[in-house]
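K.L.:
Residues per chain are reported as follows:
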Amino acid sequence: MLSTAIENPEARPPSGPVTVNAGSTAEGETTGFEPKMSARGVNFYYGPKRALKDISLDLPPRMVTAIIGPSGCGKSTFIRLLNRMNDLVPDARLEGEILLDGFDINRPACDAADLRKRVGMVFQKPNPFPKTIFENVAYGPEVNGLRDRLALEERVENSLRRAALWDEVKDRLRESALGLSGGQQQRLCIARCLAVEPEVLLFDEPCASLDPISTAKIEELILDLRRQYTIAIVTHNMQQAARVSDRTAFFLMGEIIEVGPTGRIFKAPRDRRTEDYITGRFG
Amino acid sequence: MNTTKEKLIKLLFAAAAFSSLALLAGIIIVLFREALPVFSFVSPLAFLGGESWYPTAEPPEFGVWPLIAASAWVTGIALVICVPLGVGSALYLHELAGPRQRAALKPVIEVLASIPSIIYGFFGMTVMAPFMQEAFGLPIGLCALTAGVILGVMATPTVASIAEDALGYVPRSFREASFALGANRWETLVKVIVPAAGSGISTAVILGMSRAIGETMTVLMVAGGAAVVPSSVFDPVRPMTAAIAAEMGEAAVGGEHYHALFAIALALFLVTFVFNIAAELISRRYRLKLGLAR
Amino acid sequence: MSRRDVFQKAGFGLLWLCMAANIVFLGAILWFIAVRGLPAISWEFLTAAPRDAMTAGGIAPAILGTLYLTLGAVLVALPLGVACAVYLTEYSPKGWAVNAIRVSVNNLAGVPSVVFGLFGLAVFVKGAGFGVSILSGSLTLAMLTLPLIISASQEALVAVPQSVREASLALGASRWETIRKVVLPAALPGILTGVILSVGRAAGETAPILFTAAAFYLKGYPDSVFSEVMALPYHIYALMTEGTHPEAQTRIAYGSSLVLLALVLAMSMLAIYIRQRQRRTYHA
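Protein chains in written order, with the numbering used here: chain A, 1 to 283; chain B, 1001 to 1294; chain C, 2001 to 2284.
Among the clues, some could well be false.
[Unchecked claim] Some but not every residue of chain A turned toward chain C, in silico, with C-beta under 10 Å:
1) VAL122
2) GLN124
3) PHE129
4) GLU142
5) ARG192
6) LEU202
7) LEU225
8) ARG226
9) TYR229
10) ALA268
[Claimed, not checked] Distance windows between CB atoms, simulated:
11) A:ASP276 <-> C:LYS2094: 53 to 63 Å
12) A:ASP104 <-> B:LEU1012: 50 to 60 Å
13) B:LYS1005 <-> A:GLY102: 20 to 30 Å
14) B:LEU1008 <-> C:GLU2155: 26 to 36 Å
Read the hints as simulated data drawn from the structure, not as lab findings. Virtual Cβ for every residue (Gly too), placed ideally from N, Cα, C.
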């Protein structure tokens, strides 16, 4: 599995205009903002296996960045690095740096829990706690020190409203979250995430286990949220990427092949492999 | 958040976890410390091979061979009962019982396993022994056979539940392959599934044996208590556990008898320890073989 | 019918017999103890102390003693056992030390109970100087139940989906907060099952308390953790092997056995019930 030739963008054979990974000046498609988060030369290993190869990618503030690619391309691995969820993986190793507001999130002084408060995550499968709906949403603020009952109730209501779930659950806040439908559970998980008041939201294939109607609701929600948060979403559904994202990055075999404004990536991909993927020739 | 606090908590948990290790080490140390002085007054050979156990006579004799032989006999009889019954029940649960029957039968096994040994002993003494006395025309029903039968019944749930787990690990594809070759269910069970679960089943047997050999109250009450090398299954016997339980109350702490009883406990511990390690190694290899590394 | 079918029929018949034997044994034990024990049971039997050289009266001190011993054992073994399980599953899933702990837990579970009794005698009764007492007996029983509680808790903790832990960590909770507020509550029914089963086990054990706690007959009730106690299982043993009135004592022994059996079976039924309810939690 280990590719011997470490590909780096400059060394690639010039097939048309050179595509460069980072949303930096080199690409000619700058976002015009300081990136909220950015990965610089990230390599990631599971034991001897290199899962990510020299990834550089920026998340511009208050925009949705979609990460697409065939399964096993490293997109979930990458997004989990952004809030250090891979810390839990034994025998894993990271090279390169990941910056949040210009600071390396893996520096020793940075506490993982503090980081995750600022960078929230919604997972593939809805994973509510086996607690009540209220307790689920209140959990984050509580562990972060919010004790005041009234403030807590307000925070829960706000979060549920922003997750477009309030009207459906306001009369059953004391019931188990496990009684909700899959789509409601996922929106609950989003509300739970919002309640911590993060700056960045990471979605790891949030609709993978949902029906089309629930999926549409989640997408609508992401569109609502995108002007307030910096969002990254991993998806294998290209229509979804096209619908919700401002920018798209295409991953293949642990590498970034191409990144740019979503419209352009889908209409005029510059790399042959991107084109093949979005036109469904593989993946 | 507060990393020092987190580290402290982890340390606390680690300490608790190591307590079980310390406990096992403690047991080993205590057993050795209290047992070894026995060899200052009997040689290891005379202790293990000696045929007279008269710990309170004057002068005392500390030959534990009768007790070892008794344990072996009783455990052997128990195995004759618990291996076929336990494995048979496991196969029944695995192969023949539907989901509803299983839901009703598994609790039977579990309840059988949870009955305290004193109850088994009491049942053996009051019901089983008179029955055996009548059935075989014995002078007294308290004998190796009665004790072995009761021990066998007690060890059956252990064997059954572990063997059933082992059967559950056999991949479905084995069955399907066997059916596809024209074998019927019984042939598939006997020629494919049981051999595939073989080491798992032997783990069950070893642990059942370990349970039987360490069982105390039942043999104390039912085995008859005579510290004589048995010559037939109808002889009253005194297994190692029974000797410890019956005599420790009277043995003076620190005396020769006390150390001798600890030495028996040490032997017992070592035997069960070896059994348990063997069972663990076999079941680990078994999981690896079936690709179920954990 | 072909030869093969006959074999199959006979084989399955044999398996059926094996299973049936279990039911017969269970039935026989329950039947004899219940039928012969019930006549002995009365309000006085459950609430009064023994009288007339153990030939009349009740077994209240023995019931109470068993409760004390069991309670004491759980108080010690529960925190220690759960903490050990938490360490094994949540903090340190690999490494030689964890392997050593696992092996020792498995081995402790197989140590004969009479060996625990001797350990208790040497360490608690003599070594620590607690004497033959509730304290020594409880500690010995705690040692015995520790591996049970550890493995039940471990099983319950492992059953909590990893995704739930990730959700908590992703919200900025620390490891300990995740364990305390999410993982342990989710694992609670499973842990409870293990605890109940070990209570049943501790209540029925005789060999470990033989030299560490139990007395055949005591005037009055124990007044501190350093007192000797009467205990149900030992009471049954003593009634059957000591004393001078076998007839009357056997009757009381049947009654005591019924009480002990009811106690232990109620525990395991409760555990089975909780476990079956719990199965549904993550499939709602």
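K.L.:
Okay, which hints does this one fail, numbers in order?
P.N.:
The structure conflicts with hints 7, 8, 9, 10, 11 and 12, although it agrees with all the remaining ones.
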